[in-house]
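K.L.:
Protein chains in written order, with the numbering used here: chain C, 1 to 164; chain V, 1001 to 1143.
It cannot be assumed that every hint is accurate.
As the list claims (entries may be wrong) - In silico lysine to aspartate or glutamate, DMTMM-like type, Cα no more than 25 Å apart, as pairs:
(1) C:K50 / V:D1111
(2) C:K50 / V:E1128
(3) V:K1107 / V:D1079
Claimed, not checked - Pairwise CB distance ranges, derived in the manner of DEER restraints:
(4) V:A1052 / C:K50: 36 to 46 Å
(5) V:T1027 / C:D124: 36 to 46 Å
(6) V:D1045 / C:W29: 11 to 21 Å
(7) C:K27 / V:V1020: 39 to 49 Å
Derived by calculation from the structure, the hints in this document are not laboratory data. Owing to the predicted nature of the structure, the values given are computational and were not obtained by experimental measurement. Glycine residues also receive a C-beta, built at the ideal position from the N, C-alpha and C atoms.
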Amino acid sequence: MSASETRPQKPGEASPSSARGPESFDKSWGEPITMRVEYGKVREFARAIKDANPAYAGDGALAPPTFLMTIAHWIEGGMGGMRNLKLDYRRLLHGEQEFEYLRPIRPGDVLTARGRTKDVFEKDGKRGGKMLFVITETEFTNQRGEVAAYSRSTLIQTEGAVQA
Amino acid sequence: MSVRRYFQDVTEGEELPPVVVENLSRTDLVRYAGASGDFNPIHHDEEFAHVAGQPSVFGHGMLTAAFVGRCVTDFVGPDSLRRLKVRFATRVWPGDTIVSMGKVTRKYEADGERRIDGEVQAVNQKGEVAVSGSFTAALPSRG
Chain C
1 MSASETRPQK PGEASPSSAR GPESFDKSWG EPITMRVEYG KVREFARAIK DANPAYAGDG
61 ALAPPTFLMT IAHWIEGGMG GMRNLKLDYR RLLHGEQEFE YLRPIRPGDV LTARGRTKDV
121 FEKDGKRGGK MLFVITETEF TNQRGEVAAY SRSTLIQTEG AVQA
Chain V
1001 MSVRRYFQDV TEGEELPPVV VENLSRTDLV RYAGASGDFN PIHHDEEFAH VAGQPSVFGH
1061 GMLTAAFVGR CVTDFVGPDS LRRLKVRFAT RVWPGDTIVS MGKVTRKYEA DGERRIDGEV
1121 QAVNQKGEVA VSGSFTAALP SRG
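Isolated chain C, as found in the complex:
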């Protein structure tokens, strides 16, 4: 299948009440993890995304908008996100990603991140078969207790093998 043919209309806006599929899933927040924002990591990330913006360097540097993906370095065996969901990672696509920014994130910040499954629902694929949509949400709170950002991912499990 091609992702462009099967992508959801607005999965981020689907309400739990409209969800079909998996009888029940755990919507509660998982155990938080601590993520320290390091200057070297910010520099490495900015270079990797080919962004030479001076805002990501020097004193008072900011973290680039998609830097929160580096939470992967701080997670052992997945966080909160998809508890009790048996997902087949060979058939899993990252369909959408959204970030909401409430406070700047800078080196030296100590973020507390907690994740949850926000919604799970099924849709019919255009080429037959069911597609399972899982929306996870991660909340990042800084050392001052302020929510700094939210990250929301839409994962799509296809019925068959994922093809280009």
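Fit chain V to the supplied structure of chain C, relying on the hints for placement.
P.N.:
For chain V alone, kept in the frame of chain C given last:
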């Protein structure tokens, strides 16, 4: 790069200057894997990619999303971004040239801020959309 842009300077329909990344390399993918911590082998292990039925390794969707993010932050400034949302469509392959572009769709006030919404997309050298999305930014006001 980061020219301070004021709310009054922006018009609905205005296009964001495109950001071009030429000839994406496997090294670029490895560098992003290390920086992000996303070591899904489909993005760096050619043999794994072949076994998975892919012609080669392909790019992390979030790397392309970062190019789109740069297109937005070059325009509004990194500290002005309030929301960025991307949807992944066509995959990005080694050798691809990715052009990120966008436009302002709406100017308004909300939560005591002067904000703009916009659309963004990243296309490959064949014109296929790799990533599409939207953003919201809060801009400073002149006077």
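K.L.:
Now tell me, hint by hint, if it's right for this structure.
P.N.:
Hint check:
| no. | hint | in the structure |
| --- | --- | --- |
| 1 | C:K50 / V:D1111 | violated (33 Å) |
| 2 | C:K50 / V:E1128 | holds (21 Å) |
| 3 | V:K1107 / V:D1079 | holds (18 Å) |
| 4 | V:A1052 / C:K50: 36 to 46 Å | violated (27 Å) |
| 5 | V:T1027 / C:D124: 36 to 46 Å | holds (41 Å) |
| 6 | V:D1045 / C:W29: 11 to 21 Å | violated (34 Å) |
| 7 | C:K27 / V:V1020: 39 to 49 Å | holds (42 Å) |
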